[in-house]
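Generate coordinates for the entire structure from the input sequences, incorporating the hints supplied.
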Amino acid sequence: MAWTVRFDGGTLVLHGAGKDALPDGFEWDDRIAAARAPACAYAALVDRCRTDTIELADEARAYNKLPDLRHLGTRTPREYQKEAVAAWRAARWRGIVVLPTGAGKSFVAETCIALAQRSTLVVVPTLDLLSQWYGNLQAAFGVEIGALGGGRHEIRDITVTTYDSAWMHMDKYGGRFGLVVFDEVHHLPASMYLRAAESMIAPLRLGLTATLERTDLRHELLTDVVGPVVHRVEIPDLAGDFLAPYHVEVVSVKLSAEDERQYAELRGTYRQFVQSRGIRMSAPDGWTRFLIEASRSREGRAAFKAFLAAKAIAHGGPRKIAMVRQILAEEAGRRAIVFTNDNATALKVSRELLVPCITHHTDVKERRWILDAFAAGDVRCVTTSRVLNEGVDLPAAEVAIIVSGTSTVREAVQRLGRILRPSGDKQAVLYELISEGTTESAASERRREHDAYR
Amino acid sequence: MLTGELVRATVKDSKARPGFISHHQDRYRERAEDILACVGASLGKRRADIEEELEGILGDGVDRKLFDGLAKLVFDACEFAVQSPVPPRELRQRVWLESARRGPLSVVDVEGANTTASVFAAVAAELGVDPGPLPDALYADHPAEQRLTAFEAGNSQWLVDRYNLALVQALLFSAPRLDIRLRAATPARVRQVLRAVKFHQLCFTASRVGEDLHLELDGPASLFSQSSRYGLALARFLPTLVLQPAWSLTAVVAVRRFKPTLSLDQDSGLRTDLKDVGAYETREAAWFAERFVALDSGWTLDRDPTPLNQGGEGVVVPDFSFRKGGKVAHLEILGFWRKGTIENRLSLLKKHGPRNLVLAVSRRYCTEKAAELPAQVVPFAEVIPAKLVLERVEAVAVRSG
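Here the protein sequences line up with chains A and B, keeping their order.
Just so you know, we're using this note's numbering here: the first sequence kicks off at -2 and counts up by one.
Just so you know, we're using this note's numbering here: the second sequence kicks off at 49 and counts up by one.
A few of these clues could be false.
[Claimed, not checked] Straight-line Cα separation of at most 20 angstroms, SDA-like style, residue types lysine to any residue; simulated pairs: (1) B/Lys399 to A/Glu52; (2) A/Lys169 to B/His248; (3) A/Lys169 to B/Lys399.
[What the hints assert, rightly or not] Residues on chain A that point at chain B, a partial pick, calculated with CB under 10 angstroms: (4) Ser196; (5) Lys362; (6) Val376.
Simulated from the structure, these hints should not be mistaken for laboratory data.
From a predicted model like this one, the values you see are computed outputs, not experimental measurements.
We put the CB at the ideal spot given by N, CA and C, even for glycine.
Here is the structure:
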């Protein structure tokens, strides 16, 4: 008896299979009197039909074989890149490759895409990465590349999208790709994004990341939707070979007398409220409780405003901007990236120092212009809030200035990755500006405990 | 739409009570009027400035969240655009390049030093414009800097209605599914509802409870986990439900850490400005009923519009059901539909049934291939031939379960 399978809003609907002998992942759906499974059960279904010689009318698969797809590059893969690709292939084309930033993750992905020769979707966290992958893939394969996100909506045999767009659109396009590549795959375990992965039939799956482990342990969920870790290269394995040496300079910035007075007053308002409501901010639900309490009364709202205002002073006070100005003057001629914690500070740096600024408001075209001008040396400095953190190619950056950060260890590593990239014979410097006597000093201490800072 | 932090609802005895407002409550109506007047008089102003001006109206009192919600809905009805002497992007690129060409700014602003002013002066000279407004124009395209160019909001009654509807919609964001009942609904009304269900890519399960048609709405993947994944689709579906003459809904929603039940009906005061289209009742149905009854065939005729499922790919809402001695058959009238719909209907009928459905199809759509039509199809010009339908009904009727 033949089975029929079709794609329906991120799921598979199967007609013909008996109610009591459903294939793995399928459940009986009374609403339609047929069997249904999340779309990611596709590979197992096809396997099952092959093993049990069940005839399957496949209306779900909407992806193409691409027999003419060739990698046009002439680069020879490095040994560890070859190993990574081989390990992924040996794991039946499913799994995660862990490589440090700067170790050529995209080249590994391109090699896998060329091997798979199937319609491919590349999912990335940010619009910067979208435009970067778009350019890289076009150069690698010499074909038109599709883009979904950042105001573009073109589906092609090789398409790049963001996690957000994937979440919104995979109910529609989940049948269209045979291979899916998750760049910075540690983003995927957010439950929204996991659903995007479940809504795709793609039997071939590749995850890429420099920092797989999450503090919430949710990375363990990836095994089901992407596959196991098939290859792992750690930072110490590579240091000295491909990554340039760097050093960290912590610069202590004193608040101005006026800022110091305001800071103390604002923190006082905030602390008094927190104490009066008996909230322990160090408890796991401390922050949530604070938000709830803060929304309930006038004092609460005032405390919340005070909290934000204090943070703004610590993160981007005028003394800090002046310090950035000074460092840029001292480092004249070297390419610098200025990282801030929020858009407002990035804009302030941009307005006062007249350097390009990238925030999430910056559209894809302007990002491209800025990154190209930076690569060409037409501008010497770029400032950005967190959006640039991950994996965007800025090969010539030799100076990084962290104006403010509440970053977790992961973000700090990603930021370091940027200036770890080889560039000439000059040593890279990471400046970290810390407001003296504020909560920032403690956060900075915590960050330096990670491996990558040693 | 209202975002999560703007939702006002209380919970009592596991029931959710949305913080509805009434146009009769002076302080809400007046505040709604103030907000509309303030934004309405702000054409040409920067968004950040309008927001600042609104601060005074929104106040800092216990109703702040409510007023923030009203303001949000008014902003949703606004259009903002960039206004600047030089296109901001072009200006930025010139300024950045000029600034990079001159090297880092001087640490101290002294006579002849490299300052922001000297960079702007050089760019202004290049463009032949006044340097004064340039620093402000640099980011004139950012959302906060954009200027109000159109204001499409209605009056305070419109805003109050929109607010109440948006409150319910925001609660539905967190709902895993929606249970609705339609009382004595016509087939055209049920089709209108199911069209919206399909449009929002939702799934339904239908059952008859007395006079009511009961529909459970969720999404394809709800089978595997009950999540709020389809909450947005349920919220967008809501206005179509509100258009119905007699309806009720229940849903389990999230309010803070509680999971209360939300229950509403046609008397809850919800109103929508969605156009009420496609619920028109054709004359053919009435004429047919008259003629069929006159045949005195022993088949009873009823108008039970319970939808019949076609393998999850399509749905039939019968115009009539025929019953006799435990046997049942249905009739669907395809009069004013498009040809594409009819072809689709015939192919689904072949694939998934139901076998006991008779289709009355306007002759306009089936003249060419009359011979190829399945036996279940009865073509008609103006009046549906009752006798022919009866013949077909007797041929296809099945025992009901």
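### Query
Which earlier hints turn out false for this structure, listed by number in ascending order?
The structure breaks only hint 3.
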